[in-house]
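2 protein chains.
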Amino acid sequence: MYQSRLFTKTMREEPSGEIAASAILLERGGFAFKNSAGVYTLLPLGWRVIERINTIVREEMNAIGGQEMLMPALIERRYMEATGRWNMDVGFRAHVRGEEDEAQFVLGWSHEDILAAMAVRFINSYRDLPLAVYQIQTKFRNEARAKSGLLRGREFMMKDLYSFHATQEDLFRYYAEVRKAYESVFHRCSLETYYTLAGGGVFTLQNTHEFQVLSDIGEDTIFFCKACGYAENDEVATLKEGAVCTQCGAAAVQKGKSIEVGNIFPLGTKYAQATGLFFADERGEKKPVVMGSYGIGISRLMATVVEIHRDERGIVWPESLAPFTAHLLLLDESQRSETDALYRRLRDCGIAVLYDERQGVSAGERFADADLLGIPYRVVASKKTAALHKYEVKRRDEQQERLVEESALREICRTKQQK
Amino acid sequence: MYQSRLFTKTMREEPSGEIAASAILLERGGFAFKNSAGVYTLLPLGWRVIERINTIVREEMNAIGGQEMLMPALIERRYMEATGRWNMDVGFRAHVRGEEDEAQFVLGWSHEDILAAMAVRFINSYRDLPLAVYQIQTKFRNEARAKSGLLRGREFMMKDLYSFHATQEDLFRYYAEVRKAYESVFHRCSLETYYTLAGGGVFTLQNTHEFQVLSDIGEDTIFFCKACGYAENDEVATLKEGAVCTQCGAAAVQKGKSIEVGNIFPLGTKYAQATGLFFADERGEKKPVVMGSYGIGISRLMATVVEIHRDERGIVWPESLAPFTAHLLLLDESQRSETDALYRRLRDCGIAVLYDERQGVSAGERFADADLLGIPYRVVASKKTAALHKYEVKRRDEQQERLVEESALREICRTKQQK
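If you read the sequences in order, they're chains A and B.
Note that the working numbering has the first sequence beginning at 757, numbered continuously upward.
Note that the working numbering has the second sequence beginning at 757, numbered continuously upward.
It is possible that part of the hints are untrue.
Same chains, same label: a pair holds when it works inside one copy or across any pair of copies.
Claimed, not checked - Computed list of lysine-lysine pairs in DSSO-like fashion (alpha-carbon distance at most 27 Å, straight line):
{"id": "1", "residue 1": "Lys1026", "residue 2": "Lys936"}
{"id": "2", "residue 1": "Lys1011", "residue 2": "Lys996"}
{"id": "3", "residue 1": "Lys765", "residue 2": "Lys1026"}
{"id": "4", "residue 1": "Lys1043", "residue 2": "Lys1150"}
{"id": "5", "residue 1": "Lys1043", "residue 2": "Lys765"}
{"id": "6", "residue 1": "Lys765", "residue 2": "Lys1042"}
{"id": "7", "residue 1": "Lys1026", "residue 2": "Lys1146"}
{"id": "8", "residue 1": "Lys1013", "residue 2": "Lys982"}
{"id": "9", "residue 1": "Lys903", "residue 2": "Lys1013"}
{"id": "10", "residue 1": "Lys982", "residue 2": "Lys936"}
{"id": "11", "residue 1": "Lys1043", "residue 2": "Lys982"}
{"id": "12", "residue 1": "Lys1011", "residue 2": "Lys982"}
Keep in mind that the hints were calculated from the coordinates and are not lab data.
Chain A with its partners taken away, still in its complex shape (with noise of 0.2 Å):
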């Protein structure tokens, strides 16, 4: 793509009104427009990031068997109602102007309720379970202080998976199944997270889990054993900090501040009792489905992963999540069209490039949007590179420059996505 198409310009000046790091920069570089508290546009560049973290997404929840769909976000009364979740404040209602005193409609902020009502039409039979679906949704949740970026928005992605299963056995057969899934997805989006056990709900079996990334600017603690892996949330946590870890005996437990990126639910049998979800068993006697739910806020995962790749210039994007893997400058007027084409063989051979060939844009501010967008590659063609039929490459995380031919570049620049 070329620079000077792109819809998006960086700004040099920090938005007004941000805290978090990600935020500054998403914000900076033209990732995201803040419309509103906690309301985000994914501007091009954010949604090329967006759609890469869905593909990884995709296809770890295929693996295990996930079906996708696409719930609605105006959920009616009567379904929230049935589960006694009507009148909970997270909630964002809906109503047609002039009947404010009567909404009818509750913007979805999670889709157990609608959905169990739902299977009510498919699921009949031991035979027709266990079964697993999900969608990525647009969710509304009234956070009072939105001040967290895309951490914590009003109106957000999330991938939500729900599982139905005849037994609790089966379940947390399903449940290891998807804790693995979703270390795969963390992993390949270059977050090391913490299993960590959290408090149960109302609608919940028991304990639930949540995959917390250590960071500063989490509004969660957590304490944590790095020896073992093992993690507590300071709501449930048994664990003190300092002390020798009760898991492994290994080392001593730490604390720290983390943001939770995803979390898992074994909701049990409560949506189905609420909604009429029952099936028959291998004896023919009417049970109730149980069910379990899953989520990844994406958007706030975008962001996880520029809190955690970033350094005091910009943003680090892992190649596995970057909106384009080479940024290509053209730094001398003079070497324009040799530049050109260069950009459209490496375009032309697969290469997802950001070519800057920006008219009127300094060296320095060349390299300094470089350094904010964070492309994995940076390469500069240069009169004197130009001389030795070679071209100066950079990765975002180094500090050295290579020289290479154009080989080796596009060597270097075929994309590696971590699996």
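Given chain A, work out where chain B should sit, using these hints.
What follows is chain B alone, placed relative to chain A:
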């Protein structure tokens, strides 16, 4: 995919309250679920169709320089007040519980307002123009009578493209490009459309254009000439039914009901004026940016395809949009292991197969379901065909089966995307 593992089941009865054939077939087949009037879930089969439509739409929008992004559904009052659209009845309002009387958001039913306000950050000079951005996003519109199923939802998926230009001439140059791209989208979805002159709105430069598909379920009426393809919406019609076409003189004008699957609007400078979106031209003079907007209703497009491509037994998906290419039916339990093996071989060579291996389902039910679901190639492996080392293949839109060997079967099933 194993049909026994599919989340959905087909329904024999017609769903209550649906008039449109598309709504009845999509719900009976398990493509969609009506959650509320005008509010639908896209179930896994329907989502697969939507994904194929979206791939086509993205290819065509990218080909005319569209940059994909994603704007929010929550649009703050100030954006809509600036353009004079806050009090329009088409919108749903969203509020936090207890703040009914001071709703600060409308649920986006179109995004000119918020987009023009954002573009102020990115468009300063004539050098920044032209630009085009688009999104595939959920829209919300207050339809008093949502009676046409997915043809007119209160919540629905839409592709909206917006373009920015220095001059009206450049807008109309791009307008013609978008027309071609839209015609390509509809052609690839096996829809014949009339490019139809329609009324101008208060926010448009002049007349707008609609892409209309002839269908009795349509809510529009158009006058059209089959010879030259010229058409007018009855709102603005100068053509008369039965009279000779005023454009080509070669045929008599016809009149018909139709479904609007796309529309394009030359907006002019109204939104730029309202939001302060100005650019400096070559002489440094400040001028308002000229905008266009261009919509395709994605979920409506799916329903329209079903209206056009169906028979008395069910849907007849075009190959370019079908959720699977082949529907493999197991008719005889004694053939299960051979048919299982065939399924795996077809799947492993990249053919999208739905495999009906359900237990306790009669051959009649399997055939009826195959007709209802409308997958292009029905493949049957019976004792009779097995003895010949052949398979029976029938195209959904043909009467006659063919007996073919496996290599020929594979060749037939290679998806032929219409281009």
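> Can you tell me if Lys1043 and Lys1150 fall within 27 Å by alpha carbon in one copy, between copies, both or neither?
Replying inline: neither (61 Å within a copy, 41 Å between copies)
> Taking 27 Å as the upper bound on the Cα-Cα distance, should Lys1013 and Lys982 be classified as within, between, both, or neither?
Replying inline: within (15 Å within a copy, 68 Å between copies)
>> With identical chains, the pair Lys765 and Lys1042 could be close in the same copy or across copies; at 27 Å between alpha carbons, which is it: within, between, both, or neither?
In response: between (60 Å within a copy, 20 Å between copies)
> Given identical chains, is Lys1026 near Lys1146, meaning Cα to Cα at most 27 Å, within a copy, between copies, both, or neither?
Replying inline: neither (65 Å within a copy, 51 Å between copies)
>> With identical chains, the pair Lys765 and Lys1026 could be close in the same copy or across copies; at 27 Å between alpha carbons, which is it: within, between, both, or neither?
In response: between (50 Å within a copy, 24 Å between copies)
>> For Lys1011 and Lys982, with the copy left unspecified, which applies at a CA distance of at most 27 Å: within, between, both, or neither?
In response: within (11 Å within a copy, 74 Å between copies)
>> With identical chains, the pair Lys1043 and Lys982 could be close in the same copy or across copies; at 27 Å between alpha carbons, which is it: within, between, both, or neither?
In response: neither (43 Å within a copy, 60 Å between copies)
> Is it within a copy, between copies, both, or neither that the alpha carbon of Lys982 lies no farther than 27 Å from that of Lys936?
Replying inline: within (19 Å within a copy, 59 Å between copies)
>> I want to check one pair: Lys1026 and Lys936. Are their C-alpha atoms no more than 27 Å apart within a copy, between two copies, both, or neither?
In response: within (25 Å within a copy, 53 Å between copies)
> 27 Å Cα cut-off: does Lys1043 pair with Lys765 within a copy, between copies, both or neither?
Replying inline: Only across copies: Lys1043 and Lys765 sit 20 Å apart there, 58 Å inside one copy, limit 27 Å.
>> I want to check one pair: Lys1011 and Lys996. Are their C-alpha atoms no more than 27 Å apart within a copy, between two copies, both, or neither?
In response: Cα proximity of Lys1011 and Lys996: one copy only (8 Å, versus 79 Å across).
> Is it within a copy, between copies, both, or neither that the alpha carbon of Lys903 lies no farther than 27 Å from that of Lys1013?
Replying inline: within (16 Å within a copy, 51 Å between copies)
Of the numbered hints stated above, those contradicted by the structure are hints 4, 7 and 11, listed in ascending order.
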